[in-house]
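Trainee: So the protein lines, in turn, are chains A and F.
For the first sequence, position 81 (counting from the first letter as 1) is numbered 81 according to full-length UniProt numbering, and the numbering increases by one without interruption.
For the second sequence, position 114 (counting from the first letter as 1) is numbered 114 according to full-length UniProt numbering, and the numbering increases by one without interruption.
A hint or two may mislead.
[Stated by the list, open to error] According to the in silico footprint, chain A covers these stretches of chain F (three or more CB under 8 Å from chain A):
1) 32–45
2) 48–58
3) 71–85
4) 164–172
5) 213–221
[Stated by the list, open to error] With beta-carbon atoms standing in for the labels, derived distance ranges:
6) F:112 to A:76: 41 to 51 Å
7) A:232 to F:90: 32 to 42 Å
8) A:30 to F:239: 21 to 31 Å
9) A:37 to F:91: 34 to 44 Å
10) A:64 to F:174: 41 to 51 Å
11) A:168 to F:63: 50 to 60 Å
12) A:75 to F:239: 27 to 37 Å
[Said to hold, decoys possible] If you want the ones that stay clear, here's a sample from chain A, every Cβ over 10 Å from chain F, calculated:
13) 10
14) 12
15) 26
16) 33
17) 79
18) 123
19) 153
20) 157
21) 160
22) 174
23) 177
24) 178
25) 211
26) 225
27) 235
Please keep in mind that the hints were generated in silico from the structure rather than gathered at the bench.
Glycine included, each C-beta is placed from N, C-alpha and C at the ideal position.
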Amino acid sequence: MSSQPSSISKNEKHQPWVKTSHWIITISFLLLVFTGIEILMVHPRLYWGEVGNELTPAFLELPISRNHNRSDWEAEVPFFDTENSPVSAGRNGEEEMFNENGWGRSLHFLSAWFLVVTGLVYVILGLLTGHFQKHIWPRLRELSPVQLFRDIREHIKMKIAPPTGGPQYGVLQKIAYMSIIFISLPMAIITGFTMSPAITAAFPFLLEIFGGYQTARTIHFFTSIGLEIFLVMHIAMIILSGFKQQVRYMTIGKQP
Amino acid sequence: MKKKQIITRRAAITTGVAALGALLIPGCNQPMPPNYGNILRMGDNFTYAAHRALFSSQSLAKEYSFSDISSMPATGTINPADTSKEYFSETYDKHLRSGFENWQLPVEGLVARPGNYSLDQLKKFNARTQITRHTCEEGWTAIAEWSGVPLKALLEHAGMMPKARWVNFYSYDGWLDCIDLIDAFHPQTILAYGMNGKNLSIPHGAPIRLRLERQIGFKSMKYLEKIVVTENYVDPGDIGWAWYNGF
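Isolated chain F, as found in the complex (with noise of 0.2 Å):
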């Protein structure tokens, strides 16, 4: 008899999952990214296809006054150049001593002009500056005031091609991530070079870091270095985090 009943409860939660399953597929259109056979990712995975299902694409993160900036920590990587740590970025350490004059962004992968933009090109397009929360997965928040173009209108003039899927960031730091094309056109999405009417500051991100607002803090990845737009995934392997953060 016990057996029967742990089986009824497996079948309901089976069917559950099923039927939930059932309600998601109209945000299965969007392509997923791999959950390395973990449960942990699927979870996160599921949570990345009920809000794309769920939400407008176009729904826009709150957006607070001047006099509601805060203080803000600096955390993770803090400076590119700092020899001492395993990110030392020689190339980026270059950048800093000769005041980022020479520093360039280059767009490429799957755009019809691929390019290099320097920051004078990059503060010529028309610019979106937002006050917006820094919401750190660690569970602390700060408000501060971000400026830079828009990432769609970066794509835009690039000429991004119709079969793009994903856009990835790599930075100075040693990172690579990258996210779908709904938050890549989302209007706040930007590429920030200025926080709090100054140009950014090197323990934030100079010269530009992108601002993800409808996501997790670490995902707005700072010290960018390049853009690569494809089609397919670009698997960065496991690193341990979920790759969607909405939550």
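Chain A with its partners taken away, still in its complex shape (with noise of 0.2 Å):
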């Protein structure tokens, strides 16, 4: 628990624990990425607010897969005798249509056990053990612009250090980490519990923080394409440094 730099042994190693939970929820990310795009292709269309269907407009319309900018629907029936009334319209065609949600939805709430459940252990053991103290959190010193312009410019310059086998994290790397440990991931959750009927009726506020059941569902899209640039980043920054030698530190963790 100490809060001093010097302190960081040069040869200290990944711990057991946070190596068995980044596999967990890798796992668990990759699982989630890839029904969440399946559950999106059902509904190719994203909204801001409460409300969002094929017969409001959309903000974004993204073209994967055969159910975007559908036009199968039966004449639209006005609610009211008013004008701009909203309308109800049958759908037809349903067979046509692509959903693989059956399986893709509980796939992506299993995997969201695992990644929630382990998630918390990994916050509770990094805050105990003083892991994100010690090596996540980044130090006063180390946000001065003269080092932060370093280390950007050994980046943009691939001079990216090789691995040491342990925690010892350069500024940016720890200004990633803590962004999708703190920030990232948990508005994940978030959002995706205010997708919940259930949860936002135990907790109403989600809907009144997000401003909307679609409002979440759009950000929630976000922060998974945010995560996946990190993803593609830190996988990039792993074969620069060194592939084989930090997914062996990152597991088995013997010197190559």
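Hints given; two lone chains; assemble the complex.
Mentor: Set out below in structure tokens:
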């Protein structure tokens, strides 16, 4: 629990609980991305607010499945006798639609269970063991413009330090890890909760803070894009710094 | 050495799952639906147990104001009287032709007074009107005003027996689905005959549909034909969808 940076041993290796949670979360995350794309393909339209469906305008429509821009509808029937009344319309050709949500949703939520439970254990252990304080949380000194610019310049020049086999992270690395641990993943989880009718019945404030179901769904989507960009960068950095060694250190931990 | 590590990881996962299971024991006094030996359904049953253990059975889904009412697609079955469809129902067709004049909803099973309820009889119960959000599993949402009989009132009127555990719904388009008693007695669980101030239209489930506001849209079954109260889970087989859809 030391706050002295000098106390981080150069030889410190990744802790077993860090490695275990890393890989459980990796598998959960990949399954969540896979099933998330499948779920989005069923209704590839994004909206703001509480309401969004094929009879209301979308803010973004993604051409990622045959369900986008469907036009097989019965005539629209207004609900009220007023001008601009909301309408109803029956959807035809349901059989031709893409929908694999039967297993897709179930696998998404099963993976989410593993992510949430492992994530909770990880955060609790991270706080208790001082892992966050020691390795993840950037020190004030590291956040000085000089230090930051040096690290950015080295990244641009592709001068990536070889792996140490442990949690001796650079400042950009710390900022990236901190962001996904404390911002992106919690955001993905909370916006996911906000899409659950049972959870929002128990915790109505969720819909209030996000301004509605569809806003939460849209944020959920963009958060996942952010996490996927992180994943690509993370893998790129691992390759640049020595893929074989890095994977070894994160798994069996032996010197190559 | 490699082998040893794998065992450790597996042990860690097992321990974690077991620990969570222990946390959820209070939720397990509810009967659980079968998971068909399917690991996916195990996850959904786990979600069910967690929701029942952690959340109040009386928490209400958000209700909106009249001006929030939105356009709403009608999906799935949009007319059980459509002869070109597999789910075509001759009985429904007959009722539709007579304007549901002789339509009746049987309430059977573990009730002291099994009976058939006509639309007029159902409309004599104290109605509940709620403006709620329909949340489709596909990802779209719509807000509408629903009016109908609270299921609780109907079950009490029919005299539900204490050993009853499930309320099963049969529909004209061939569906069978059930809900537990927590959902059945929830104040917002209604048998809706009105939508946005008018009689429920055919595409939205005329003459009566279920509204189950704390689950995903397809659990709010349309075109109700019969209600049966049972002690044991009536197994529709693995329909490929989770039984509990609060998430």
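Trainee: Examine each Cβ of chain F, and state whether all of them lie more than 10 Å from the Cβ of residue 174 of chain A.
Mentor: Check passes; 26 Å lies beyond 10 Å.
Trainee: With 10 Å as the threshold, tell me whether residue 225 of chain A passes as away from chain F on beta-carbon distances.
Mentor: It holds; residue 225 of chain A is separated from chain F by about 16 Å at its closest Cβ, greater than 10 Å.
Trainee: Residue 33 of chain A: least C-beta distance to chain F exceeds 10 Å?
Mentor: holds, 16 Å
Trainee: Can you take a look at whether the segment 48–58 of chain F is actually covered by chain A? Rule is 3+ residues, C-beta closer than 8 Å.
Mentor: Three-residue rule met by the segment 48–58 of chain F, so holds; n is 4.
Trainee: Classify the label on residue 153 of chain A as holds or violated, using whether its beta-carbon is more than 10 Å from each beta-carbon of chain F.
Mentor: holds, 38 Å
Trainee: Is the distance from the Cβ of residue 168 of chain A to the Cβ of residue 63 of chain F consistent with 50 to 60 Å?
Mentor: holds, 54 Å
Trainee: Is the claim that residue 160 of chain A lies outside the interface with chain F correct, judged by CB distances over 10 Å?
Mentor: holds, 27 Å
Trainee: Do the Cβ positions of residue 30 of chain A and residue 239 of chain F conform to the proposed distance bound of 21 to 31 Å?
Mentor: Holds, since residue 30 of chain A and residue 239 of chain F (Cβ atoms, about 28 Å apart) stay within the stated range.
Trainee: Taking a Cβ-Cβ distance under 8 Å as contact, does the segment 32–45 of chain F have three or more residues in contact with chain A?
Mentor: It holds: at least three residues are needed, and the segment 32–45 of chain F offers 6 whose Cβ sits within less than 8 Å of chain A.
Trainee: Are all C-beta atoms of chain F more than 10 Å from that of residue 211 of chain A?
Mentor: Answer for residue 211 of chain A: holds, closest chain F Cβ roughly 12 Å.
Trainee: Range first: 41 to 51 Å. Now tell me if the beta carbons of residue 112 of chain F and residue 76 of chain A are that far apart.
Mentor: The hint (41 to 51 Å, Cβ to Cβ) holds, given that residue 112 of chain F and residue 76 of chain A are roughly 46 Å apart.
Trainee: So is residue 12 of chain A really clear of chain F, every C-beta pair being over 10 Å apart?
Mentor: holds, 19 Å
When the structure is compared with the earlier hints, violations turn up for hints 4, 7, 10 and 17 and for no others.
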